[in-house]
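Undergrad: Each chain, written out:
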Amino acid sequence: MAPPPASAVADAMNPPARPRDSQTNIDIMAVTKGFHWPWFIALVAAVCGVLMAASALVYQTYVGLGVAGYQAPVFWGVYIITFVFWIGIGHAGTLISAILFLFRAKWRNAINRGAEAMTVFAVLTAALFPLIHIGRLWKFYFLLPYPNQRYLWVNFKSPLLWDVFAVNTYLTISVLFFIVGLIPDIAIARDRAVGWKKAVYTIAAGGWQGTGKQWKAHNRTVLHLSGIATPLVLSVHSIVSWDFAMSIVPGWHATIFAPYFVAGAIFGGFAMVIVVMVPVRRIFRLERYITDYHFENMARFILFTSLICGYAYGAEYFIAWYSGVEFEQTSFWLRAFGPYWFSTWCMIIFNVVFPQLLWFKKLRTNIPFLFILCFFINLGMWFERYVIIITSLSREYVPAAWGLYIPSTVELMVLTGSFCWFSMFFLLFLKIFPIIAIAEVKELEIHAKEPGHGGAH
Amino acid sequence: MKTLVSVYDLPSEVSTVVRKLKARGFDDLTTYSPAPFEEIELAEDPKPSKVRAFTLIGGLVGVVTGFGIQIWMSMDWPIKIAGKNFAAIPPMWIIGFELTILFGGILTILGLVGLGGLYPRPLDEHYSPRFSAEEFGVVVNCDERDVAEVESLMRGHNAKEVVLHDAH
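Heads up: the protein sequence lines correspond to chains H and X, in order.
My numbering applies: residue 1 is where the first sequence begins, and numbers increase by one.
My numbering applies: residue 1 is where the second sequence begins, and numbers increase by one.
Just so you know, the hints here were simulated from the structure itself, not pulled from any lab data.
In this text, a Cβ means the ideal position worked out from N, Cα and C, and glycines have one as well.
Where hints are given, some of them may not hold.
Selected chain X positions facing chain H (Cβ under 7 Å, derived; list incomplete) [claimed, not checked]:
{"hint": "1", "residue": "51"}
{"hint": "2", "residue": "65"}
{"hint": "3", "residue": "101"}
{"hint": "4", "residue": "105"}
{"hint": "5", "residue": "123"}
Computed beta-carbon distance windows for the label pairs [claimed, not checked]:
{"hint": "6", "chain 1": "X", "residue 1": "110", "chain 2": "H", "residue 2": "451", "range": "22 to 32 Å"}
{"hint": "7", "chain 1": "H", "residue 1": "307", "chain 2": "X", "residue 2": "57", "range": "35 to 45 Å"}
{"hint": "8", "chain 1": "X", "residue 1": "90", "chain 2": "H", "residue 2": "23", "range": "20 to 30 Å"}
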């Protein structure tokens with residue numbers, strides 16, 4: 001038997017010292033390590049908020065829905081408004097992950113993980129609200145295609161049932177998308193962890209080693225999931241909009257609702273990504289990865305979708321006037337000048353007027369300004385749903401049947417708790433998994449090292 | 001049998017060496033990469049991934065299930081709603097579509113798990129945490145008489161190091 005070449009033997013006997021870890025791994029995994037006071041304070045506040053909302057919910061469940069501010073004829077209130085709001089927030093993650101992936105927009109790589117996490121937690125939050133809204137939580141299975149005690153099945157012609165399928169499908173696909181993206185990064189964490197953490201990450205990484213076969217299956221999976229998630233994300237908020245548009249309530253019965261809701265969801269979702277990622281970048285010093293360029297691109301999306309929202313608001317008013325239908329005209333007049341004028345003007349000013357400032361590059365790249373603007377956009381988007389739901393229901397047809405809805409303390413506590421619930425999950429996520437998709441960032445960095453490559457993205 | 005483990009810095013080096021090794025008949029090889037690179041994927045196996053078959057099957061199962069459960073449940077307890085047929089097809093497209101996506105997505109993930117071997121198991125003997133940092137690995141199993149040729153190919157394409165092991 002011929003001896004192996006000397007060089008190979010020498011290499012085997014004197015392996016080079018283990019090289020340093022990549023700087024990208026070190027920087028991004030640092031978020032999960034150590035103790036950060038701002039993170040801890042935010043987590044304590046979030047947990048307190050969740051406990052407060054839980055106590056309000058227990059009280060409501062015990063006493064009944066009478067403690068909510070429902071007032072005939074308004075029986076969809078803060079809970080449904082907040083459900084639509086959170087479903088909308090959940091749209092940015094899939095847009096960034098799936099649609100921008102299909103368009104090969106590489107700038108998404110630094111923000112997609114945070115946006116995906118946000119999507120999952122936002123949809124988890126949203127999914128609670130129909131259950132809270134029905135009051136008797138233990139009857140939630142009436143929503144599922146399961147025969148009740150008289151063997152009667154659910155009504156497949158109802159948009160509310162379509163919504164059940166749409167939201168659950170969206171939640172499932174968002175979670176799967178999120179996990180698929182996380183696997184290579186969990187393997188990075190596994191390779192650098194010790195003790196019980198290593199054991200947990202080893203199970204979670206599922207044998208990932210970055211072999212050619214694994215990457216091939218992974219890339220195809222991401223591509224196919226992106227392909228099917230793109231029509232899904234557009235369908236979900238369309239179906240949510242049909243909860244309203246399929247009825248004949250003035251202000252709801254409009255064909256524009258589906259694209260109007262989808263654009264609004266992307267608008268609000270991007271604003272929430274900025275609200276969440278600005279403090280994360282600052283506290284965990286991730287400026288090298290999440291740059292002003294990323295925020296500027298998101299600001300452009302916000303500006304674009306703000307224009308669509310503005311167009312939709314205008315079209316609604318125009319069609320109400322042009323239709324000549326008295327109920328429709330009255331409904332829209334009362335939106336702007338009736339008892340809920342405040343919410344309507346908040347909606348218009350925060351969602352259409354303020355975002356026009358983003359035409360100026362100086363403001364698009366001013367991170368504190370963007371943070372404040374996006375905070376108000378989120379407020380505006382919540383008010384948009386308030387306007388759609390409450391103004392239409394409270395001033396339906398017969399003036400004798402009109403009513404005035406004012407959210408009760410219990411409802412406001414649950415609403416506040418929903419933000420805390422969302423924040424709690426996001427804060428815990430920050431300390432367990434990498435907030436930036438490390439493998440995808442490395443793909444760009446390593447490509448930039450190739451000879452002849454421009455090196456910039 | 002012997003195993004040669006080589007380490008690289010760039011994906012172009014890996015894709016070139018993999019292509020050349022395969023051209024010379026060294027097919028028993030594995031690459032390790034810290035990030036997805038299409039050039040390596042194509043060099044190692046240019047055939048399309050079978051994941052797409054899982055997506056297609058899942059989608060078809062989903063659309064059939066979606067329409068199937070709606071038609072069956074609508075006919076099981078027939079109630080006239082809004083003057084429509086008991087099993088009116090147009091509104092069924094929505095749930096049919098959602099279940100197409102749902103089942104397509106779930107089957108796609110099963111495809112990833114099956115084809116990528118994604119289940120908790122011991123890592124490969126020659127896997128190194130370096131491959132989840134910034135370096136690439138190419139591991140080739142070959143006969144003892146081919147070691148010199150493989151090593152020279154590896155070193156000729158900028159392998160930072162080449163280590164020889166006995167194959168198990």
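Undergrad: Decide, hint by hint, whether the structure agrees.
TA: Now the hints, each set against the structure:
no. : hint                         : in the structure
1   : 51                           : holds, 4 Å
2   : 65                           : violated, 11 Å
3   : 101                          : holds, 5 Å
4   : 105                          : holds, 5 Å
5   : 123                          : holds, 6 Å
6   : X/110 with H/451: 22 to 32 Å : violated, 40 Å
7   : H/307 with X/57: 35 to 45 Å  : holds, 42 Å
8   : X/90 with H/23: 20 to 30 Å   : violated, 56 Å
Violated hints for the displayed structure, listed by number in ascending order: 2, 6, 8.
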